[in-house]
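Asker: So the protein sequences, as listed, match chains A and S.
Take 642 as the starting number for the first sequence in this note's numbering and just add one per residue.
Take 408 as the starting number for the second sequence in this note's numbering and just add one per residue.
The hints are simulated quantities; they were obtained by calculation from the structure and are not laboratory data.
Beta carbons: idealized from backbone N, C-alpha and C, even for Gly.
Please note that a few of the clues may not be correct.
[Said to hold, decoys possible] In silico DSBU-like cross-links for lysine-lysine, where the CA-CA straight-line distance does not exceed 30 Å: (1) K955/A <-> K968/A; (2) K852/A <-> K728/S; (3) K641/S <-> K970/A; (4) K680/A <-> K459/S; (5) K890/S <-> K859/S; (6) K970/A <-> K890/S; (7) K948/A <-> K509/S; (8) K637/S <-> K1006/A; (9) K728/S <-> K912/A; (10) K541/S <-> K852/A; (11) K948/A <-> K669/S; (12) K490/S <-> K509/S; (13) K728/S <-> K970/A; (14) K968/A <-> K669/S; (15) K874/A <-> K852/A; (16) K852/A <-> K669/S; (17) K837/A <-> K444/S; (18) K541/S <-> K955/A; (19) K909/A <-> K874/A; (20) K728/S <-> K887/A; (21) K680/A <-> K672/S; (22) K459/S <-> K970/A; (23) K641/S <-> K948/A; (24) K641/S <-> K1006/A; (25) K968/A <-> K842/A.
[As the list claims (entries may be wrong)] Label pairs and their calculated CB-CB ranges: (26) D907/A <-> E847/S: 22 to 30 Å; (27) E847/S <-> Y878/A: 16 to 24 Å; (28) A698/A <-> Q796/S: 40 to 48 Å; (29) N937/A <-> E619/S: 41 to 49 Å; (30) E960/A <-> E620/S: 31 to 39 Å.
[To be verified] In silico negatives: residues of chain A with every beta carbon more than 12 Å from chain S: (31) L654; (32) D672; (33) N706; (34) A720; (35) F754; (36) L767; (37) Y781; (38) P804; (39) G838; (40) A919.
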Amino acid sequence: MSTQTLTINGRDLSFEPGETILAVARRHHIDIPTLCHLKGATPTGACRICVVEVSGAQNLITACNTPAAAGLVVQTESAAVVAARKQIIQLMLGSGNHNCAVRGSDHQEWTSFQVKVQGEDGSSQLCPVWGDCRLQDLAYRYQVSAERFDAGPARYAMETVNPFIVRDFSRCIQCGRCVQACNEVQVNNAIQFGYKGPEAKIITPGDRPLKDSDCVFCGECVQACPVGALVEKDVRYAVRPWETQKTRTTCSYCGVGCQLYLHVRDNKVVKVTGAEVAPNHGSLCVKGRFGYHFINSPERLTDPLIKENGTFRKASWDEALDLVAGKFKQIRDTHGGDSMGVLVSARMTNEENYVAQKFTRAVLKTNNIDHCARL
Amino acid sequence: MTNTIADIEQADVILVTGSNTTENHPVLSTVIKRAVKFRGAKLIVVDPRRIKLTEFAHLWLRPNLGTDVAWINGLMHVILKEKLNKADFIANRTEGFDALSKMLEKYTPDFVEGITGIPAENLEAAAKMFAGAKAGSILYCMGITQHISGTDNVKSLANLAMITGHLGAPGTGVNPLRGQNNVQGACDMGGLPNVYTAYQPVADLAMARKMEEAWGVTGLSTQPGLTVTKMLPKAHAGELKALYIIGENPMLSDADLNHVEKSLKHLDFLVVQDIFLTETAQMADVVLPSACFAEKDGTFSNTERRVQRVRQAVTAPGQAKEDWWITAQIASRMGYPMQYADSRAIFEEIARVTPSYAGISYRRIEDEGLHWPCPTEEHPGTPILHTQQFTRGKGLFHAIEWIPPAEQVDEEYPLYLTTGRLLYQYHTGTMTMKSEDLNERAPESFVEISGKDAAKYNLQDGDQVTIASRRGEIRVRVRIQDKAVEGTVFIPFHFAQGAANQLTNGALDPVSGIPEFKVCAVKIGKAA
């Protein structure tokens, strides 16, 4: 361990060379809020919400990209820090269609703003990520009640032409997390900062829609977006976060074994997100994130089926299992176990594969068992 | 994989061959791309198609289909000639080097260029780059294994890793990327004709005795069984009477589908257990409905040998049941009582009879999976294999000569066909094709062809064409794409309409039994 220390909120804390103030604070469970900071990507300090007060420094400094240094005395929630954060949040809320109720106002102005936003995003409701928004959380935490509304029309229309992701530029706070997620984490290099000043927009090269770009719809940007600018199309205005329960499991597509959360409402998987652990550390691909509809497909088999005269009829488990067991027994006893074969599956669990091979060997008495590894 | 996924980021040279990683293992590809973009790693891609990863590569070698042993031998020839081999590793940890070295003499860059079409100077550059690495990692996938010489290809890659000492250390290794979520686990669990769990051979009488005792039975067969690619001909010949297929769709995934269909029709009794009424299930006498991954508890083992939990999130539709329950019921009704309380109880039995899983329990992998081998409860798991020695002790070099693929182009069938997957679909599509959004991105089969070949056959993008091999004919749409290289076309195998496997060659690798999906000869013509 390093013996170098700095002081945060009156506590002497040791740090490793190269650690940022933010990293040291987090390691010691001191909460410095962040917005643009994305794990695994280069910290930029762009949003400035992580500013802290350092004794002797003229200005507040950003904790996410300032290295810890011996002897620093840091305050993370001083009056100056809180005032600065309030102002940052206020500016962000005023920069677009942030029509969550924390703007709290009964003014006529608020009502007309709300009506305008609903007209623009085609909804009759509040922001689609209401209750699941980092900016809203911060506005609540710092009790920011913005009174200045941007009454102008949204500068850029929503992009809804791809099947997976809705891009609502009117709610983008230009934090750059999506750009980092795309370029530094997934390295798909599909999006970047475009235009300047008030025209600023996250764009693909040539500002084409995602579907005509290098985008592969991994959804890393959606998972990284702290506000309502990037939302899964199927989830938008359909699923509220507190209505769902999350279950951590392993993806059922390729062999990487990504860890993911299945978000379930009414016994139905309605959304998938990546879990922040090995081997994928939050990342998923388009199949893992958006390819869950088969689970609840109406085409799923629901009953055992027995073929009679060329067509299937439904059967009870007892009837179907007795038929299979009886036939297997008869064939084994007449022609020997080696006249039978079993194909198991990479789609089954280890437990199920184990039981199937045990059945093949111990009951059918053959080693005729294989699976699709070869195919 | 001998090493882990995260470990790839430790390599300073990465050689990717026969893997369209960004489409088939997208999340794993991010590790490769980050290593190149942010850590200065060098990337060598050896692939017949101009896949996305070639844009990140420092060197792209484009071999003719089915010439892998030749270019790998060529790399080793250059490495020996330039004395870039790792002499101490070869001396201390391997055997058979002299025979290999002698065999390699004739694989000069010019000789190899004649077989593979890879320019001699590119081969030399790649050899120097890979051998010069402090840590070199080899990643491969079905583009290496789905050949009649698939086993030779893999052994040749192992030769290359050993000759350069790129094994048993961080950032190195011979790393096959498993294409399906639990292929690794299905193999580990003994879903193979020649081994019990953890690759314990069925032919070993002591092993049979051990399993008989564990399972409370007698008379376990010590005769290795049939592979899937041998079972079907036996069914065709009437020797195999019954087949119990769980979660597989050979009616779309196997080579030479017309033959598969005839073989299945010859069976006396076919039972298919699946989540959908697949092409294969439609042929069954009895179909048993099973639960999908979101509806059950258990474990999967990923491509880096990490055993991870699967947890139930929703209940299965209708009467559908977990596969283990169904199989255990059949066993019990055949007079062998198989009763487990839950998947945990099965896993505990697995740990008892499987040395490499012996130390793994649900409790230990609650938060993060463990890499087998993990022989005891205190063992931390094994992220990197072969750090001290190989499974057999010393690593054995195999002197392997190149053999041509089973089918060559000729006047009648002048184009090579290779097959594979697309980003937006998965295997036979039974899962992904239920998502309309994925179908919108990849709605139908197609043939990917180079601009030059398209011009040669007077084809426009979007034209309907017929493609025929000696085994079948399909109708698909033309896509003129930069990925394609002149003389070779590509068709994804996901789709039942325009199924690539109507065309593919069922010729098998004699050791692995894997068909040569990656090479056959076809002809193309505008559809009438």
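Asker: If a hint holds in the structure, say so; if it does not, say that too.
Answerer: Hint check:
Between K955/A and K968/A, the direct Cα distance comes to roughly 18 Å. Compliance with the 30 Å bound is thereby established for this hinted pair. A threshold of 30 Å between alpha carbons decides the hint, and for K852/A with K728/S the separation of about 39 Å lies outside it, so the pair is violated. With a C-alpha separation of about 20 Å, the suggested pair K641/S and K970/A falls inside the 30 Å cut-off, and the hint holds. The suggested pairing of K680/A with K459/S holds, with an alpha-carbon distance near 26 Å, which does not exceed 30 Å.
Taking the CA atoms of K890/S and K859/S, the gap is near 12 Å; set against the 30 Å cutoff, the hint holds. About 52 Å separates the Cα atoms of K970/A and K890/S, which puts this hinted pair outside 30 Å; it is violated. Between K948/A and K509/S the alpha-carbon distance is near 61 Å, which puts this suggested pair outside the 30 Å criterion. Between the alpha carbons of K637/S and K1006/A the distance comes to roughly 18 Å, so the proposed pair stays at or under 30 Å and holds.
For a cut-off of 30 Å, the pair hint linking K728/S to K912/A stands: about 23 Å separates their Cα positions. Straight-line distance between C-alpha atoms of K541/S and K852/A comes to about 40 Å, which puts the hinted pair past the 30 Å bound. A threshold of 30 Å between alpha carbons decides the hint, and for K948/A with K669/S the separation of about 18 Å falls inside it, so the pair holds. Of the pairs offered as hints, the one joining K490/S and K509/S holds, with about 15 Å between alpha carbons and a cut-off of 30 Å not exceeded.
Distance check on the hinted pair: K728/S and K970/A sit about 22 Å apart at the alpha-carbon level, within 30 Å; holds. Restraint check for K968/A and K669/S: the C-alpha separation of about 22 Å stays at or below 30 Å, so the hint holds. Proposed proximity of K874/A and K852/A is supported: the alpha carbons are some 14 Å apart, at most 30 Å. A threshold of 30 Å between alpha carbons decides the hint, and for K852/A with K669/S the separation of about 42 Å lies outside it, so the pair is violated.
Between the alpha carbons of K837/A and K444/S the distance comes to roughly 27 Å, so the proposed pair stays at or under 30 Å and holds. Among the hinted pairs, K541/S with K955/A is inconsistent with the structure: their alpha-carbon atoms are about 62 Å apart, more than 30 Å. The hinted pair formed by K909/A and K874/A meets the criterion: a straight-line CA distance of about 17 Å does not exceed 30 Å. Proximity of K728/S to K887/A is assessed by CA-CA distance (about 22 Å); at most 30 Å being required, the pair is judged to hold.
Between K680/A and K672/S the CA atoms are separated by roughly 55 Å; this puts the pair beyond 30 Å, and the hint is violated. Restraint check for K459/S and K970/A: not satisfied, since their Cα atoms lie roughly 52 Å apart, outside the 30 Å limit. A distance of roughly 24 Å separates the Cα atoms of K641/S and K948/A; the hinted pair therefore holds under the 30 Å criterion. At roughly 18 Å between alpha-carbon atoms, K641/S and K1006/A fall within 30 Å of each other, so this suggested pair holds.
As the CA atoms of K968/A and K842/A are separated by approximately 66 Å, the hinted pair breaks the 30 Å bound. The beta-carbon spacing between D907/A and E847/S, approximately 26 Å, falls within the hinted interval of 22 to 30 Å. The supplied range of 16 to 24 Å is met by E847/S and Y878/A, whose beta-carbon atoms lie about 20 Å from each other. Checked against the given bound of 40 to 48 Å, the beta carbons of A698/A and Q796/S, roughly 57 Å apart, lie outside it.
Taken as a hint, the range 41 to 49 Å holds for the pair N937/A and E619/S, whose Cβ atoms sit roughly 43 Å apart. Distance hint check for E960/A and E620/S: the Cβ-Cβ separation is about 35 Å, which falls inside the suggested range of 31 to 39 Å. With a minimum CB-CB distance of about 26 Å to chain S, L654/A clears the 12 Å threshold, and the non-interface call stands. At the 12 Å boundary, the C-beta of D672/A stays outside the reach of chain S, the nearest C-beta of that chain being 23 Å off.
Every C-beta of chain S lies more than 12 Å from that of N706/A, the closest at about 17 Å, which supports listing it as non-interface. Non-interface status of A720/A relative to chain S is upheld: no Cβ of that chain comes within 12 Å, the nearest being about 39 Å off. The beta carbon of F754/A sits about 33 Å from the closest Cβ of chain S, which is more than 12 Å, so the claim that it is off the interface holds. At roughly 25 Å from the closest C-beta of chain S, the C-beta of L767/A stays outside 12 Å, upholding its exclusion from the interface.
With a minimum CB-CB distance of about 30 Å to chain S, Y781/A clears the 12 Å threshold, and the non-interface call stands. The claim that P804/A lies off the interface is violated: its Cβ sits roughly 3 Å from the closest Cβ of chain S, which falls inside the 12 Å cut-off. Every C-beta of chain S lies more than 12 Å from that of G838/A, the closest at about 29 Å, which supports listing it as non-interface. A beta-carbon of chain S is positioned within 12 Å of the beta-carbon of A919/A; the least distance is around 6 Å.
Going down the numbered hints, you'll see the structure goes against 2, 6, 7, 10, 16, 18, 21, 22, 25, 28, 38, 40, while the others check out.
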